[in-house]
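Undergrad: Each chain, letter by letter, is given below.
2 protein chains.
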Amino acid sequence: MSPPKAVVLLSGGMDSATTTAIARSRGFEVYALSIRYGQRHAVELEAARRVAQRLGVARHEIVDLDLRAFGGSALTADQPVPKDTPLDRIGEGIPATYVPARNTIFLALALAWAESLDARDIFIGANALDYSGYPDCRPEFFAAFERMASLATRAGVEGEPVRIHTPLIALSKAEIVTRGADLGVDFGLTSTCYDPAPDGAACGHCEACLLRLKGFAEAGREDPARYVEALGREGARARRR
Amino acid sequence: MSPPKAVVLLSGGMDSATTTAIARSRGFEVYALSIRYGQRHAVELEAARRVAQRLGVARHEIVDLDLRAFGGSALTADQPVPKDTPLDRIGEGIPATYVPARNTIFLALALAWAESLDARDIFIGANALDYSGYPDCRPEFFAAFERMASLATRAGVEGEPVRIHTPLIALSKAEIVTRGADLGVDFGLTSTCYDPAPDGAACGHCEACLLRLKGFAEAGREDPARYVEALGREGARARRR
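Keeping their order, the protein sequence lines are chains A and B. Following our numbering, the numbering of the first sequence begins with 1 at its first residue and continues without gaps. Following our numbering, the numbering of the second sequence begins with 1 at its first residue and continues without gaps.
Incorrect hints may have been included.
To spell it out: a stretch of chain A is covered by chain B in this simulated footprint if at least three of its residues, at any positions, have a beta carbon under 8 angstroms from a beta carbon of chain B; those stretches are [stated by the list, open to error]:
(1) 59-69
(2) 148-156
Partner residues are not named here, just some residues of chain B that face chain A (Cβ under 8 angstroms, in silico) [to be verified]:
(3) Ala101
(4) Ile105
(5) Leu111
(6) Thr153
For the record, the hints were derived by calculation from the structure and aren't laboratory data. Here the structure is a predicted model, which means the values were calculated and not measured. Virtual Cβ for every residue (Gly too), placed ideally from N, Cα, C.
Just chain A, same shape as in the assembly (with noise of 0.2 angstroms):
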């Protein structure tokens, strides 16, 4: 019998990394998908052919879609990335950063996929602990989704549910790179940043590098990945303070 497919949505960043790693570690085959939204960061992407290739996904499709048109988010937009938010003030309100409508827009290019593939499976790496505040990140968005998928699809007109998958929904950051550690995960292939140098570097200030090198240095563990200013261990320790 052939294992069933999955659809996980693969950013290029740690969370989705580690999703991926769970989803194989489930018996999956795994077909990741990438979105090229007209972000700034296109080293993500490249990201993400990393790890699918290190983690031998069956499929790795980048789909484009320009979001620029709608304009309202850091990411998107010409407005300044945060820097340097004080960590007990991350997930206070909506931030900048966020991307009007993107895990319903992701999730629902995920399902289109997963239907075509005849997949019952979907994966996000989505978080509700680090999540800096996007709505679209809270365990009642993602059941509410579950519920309209099913009834969106083919499979929910044969009675067949849609399964959206949050592994990470519940993990703190360090959760997670112990978890993806375990899994094998090269942390080093996978890009976080917001607003990494031109060569792929992260710059160490923005929101995401932040709760990063919070979980590295909470799990005890060195992040292998490229800063801009050399940041070790200590340094991120320093950061928290």
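Starting from the known structure of chain A, fit chain B onto it as the hints suggest.
TA: Structure of chain B alone, referenced to chain A:
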């Protein structure tokens, strides 16, 4: 006070043109959204431009989205469009022209734009009676999408629900023709055909043409669209037998 904004999905067909006119008649400032999704009938997008201009929308955006990587539909892949399906059999199963998760994707894109515009209202010209068997044209799908959308967005976080308007959902094609004509829609600008000639003339034989012709015939009106073969009201009536 400025009028409330609404995002209206405008394909360029008779249903979405009528829906645009209805949104205007209800006092909304219309932001029309068309999707260029790798479909064969780009003729529709030209129709969308003409309709948007004629109906005086505030803005018309066309978003590129190439779904061909996913395959799975006669409208995006190289499968033949079904022709001359008997009218009483249209809607029996899910047809080959079904695009996986299309309405989910289109509504997700509309939601992103609505959020950027600070709009709460989205219109889609879906129709459950003459719906050709698409699972994502059913009222329960739209209700589930609306619930999900309110959880996905800032609006949801702030307790302001998103509304998905489906003003055609319970209308017959004939009622849509009458409603659109009453609101001044020029159906000669619209394009419905799944398989138009290069010059935009409709084939008259695909399921979309058959349903359109039936609608005009039942409404007792001449269809002003151009067909490859000249089809008057009598031709349309003959087809119904």
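Undergrad: Would you check chain B against the stretch 148-156 of chain A, counting CB to CB pairs closer than 8 angstroms, and say if three or more residues qualify?
TA: holds (count 7)
Undergrad: Taking 8 angstroms as the Cβ threshold, is the statement that the stretch 59-69 of chain A is covered by chain B upheld or broken by the three-residue rule?
TA: holds (count 7)
Undergrad: Checking hints one by one. Is B/Ile105 an interface residue toward chain A, by the C-beta closer than 8 angstroms rule?
TA: Status holds, d = 4 angstroms.
Undergrad: Was the hint right that B/Ala101 lines chain A, CB cutoff 8 angstroms?
TA: 4 angstroms, holds
Undergrad: Using Cβ atoms only, decide whether B/Leu111 comes closer than 8 angstroms to chain A, and label the hint accordingly.
TA: Because about 4 angstroms separates B/Leu111 from the closest Cβ in chain A, which is inside the 8 angstroms limit, the hint holds.
Undergrad: Holds or violated: is there a CB of chain A closer than 8 angstroms to the CB of B/Thr153?
TA: At 6 angstroms from the nearest chain A Cβ, B/Thr153 passes the 8 angstroms test, so the hint holds.
Taken one by one, the earlier hints all hold for this structure without exception.
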